[in-house]
Amino acid sequence: MRNHKLNATEIIAVLQALREGETVPQICCRWGISATTLYQLKRSYDGLSEPVFERITALMRENARLRQRVKSLERDSEVLSEALRAQSLSTHKRRRLIDHLRQHFTVSLARVCRLVGMSRTLYYYERGELGGEQDGPGFDRRSVKSPRSGLTKSDRL
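So in UniProt numbering, the last one in the sequence shown is 157, and the numbering has no gaps at all.
Hints may be right or wrong, so weigh each one.
[To be verified] Below, in silico cross-link-like pairs of lysine to aspartate or glutamate (EDC-like), each with a Cα-Cα straight-line distance of 16 Å or less:
1) 42 - 20
2) 5 - 54
3) 42 - 10
4) 93 - 126
5) 42 - 74
Just so you know, the hints here were simulated from the structure itself, not pulled from any lab data. Bear in mind that the values here come from a model prediction, so they are computed numbers and not experimental data.
Whenever a hint applies, use it, and build me the whole structure from the sequences.
So this is what it looks like as structure tokens:
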């Protein structure tokens, strides 16, 4: 059997020989292909002219190249996102980074937040006066002015 693939002109010649009445074993022996390969070629390419066939094969090669490129870019994106997460930037710095990326690239907030590793909720979150350190069970913001008013009955004991 052959060690290389048939090119466009050879496939057209094989299919032409089949159309002219040459038997399958004769064609397979002459071109060094199996009967299965011959029938697959017939099913896929019978009736196509050589320029159309060459265009289809070129598009198939281009499609395979683009798929490989997309896979490579996805891998790069994962690596860069993981590197960014490994830097363990503060929330404030991540917000600034998101704002910077959105100004310089036309990218949605959801996408940039996903790449930076920050939820949109956290991006929009604004800290209150107290900063959230004192929040806990039974805490009421009124307790800042009057220490007893913010506690529940069970906490006053």
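Subject >> Structure versus earlier hints - violations, ascending order >> reply: 5
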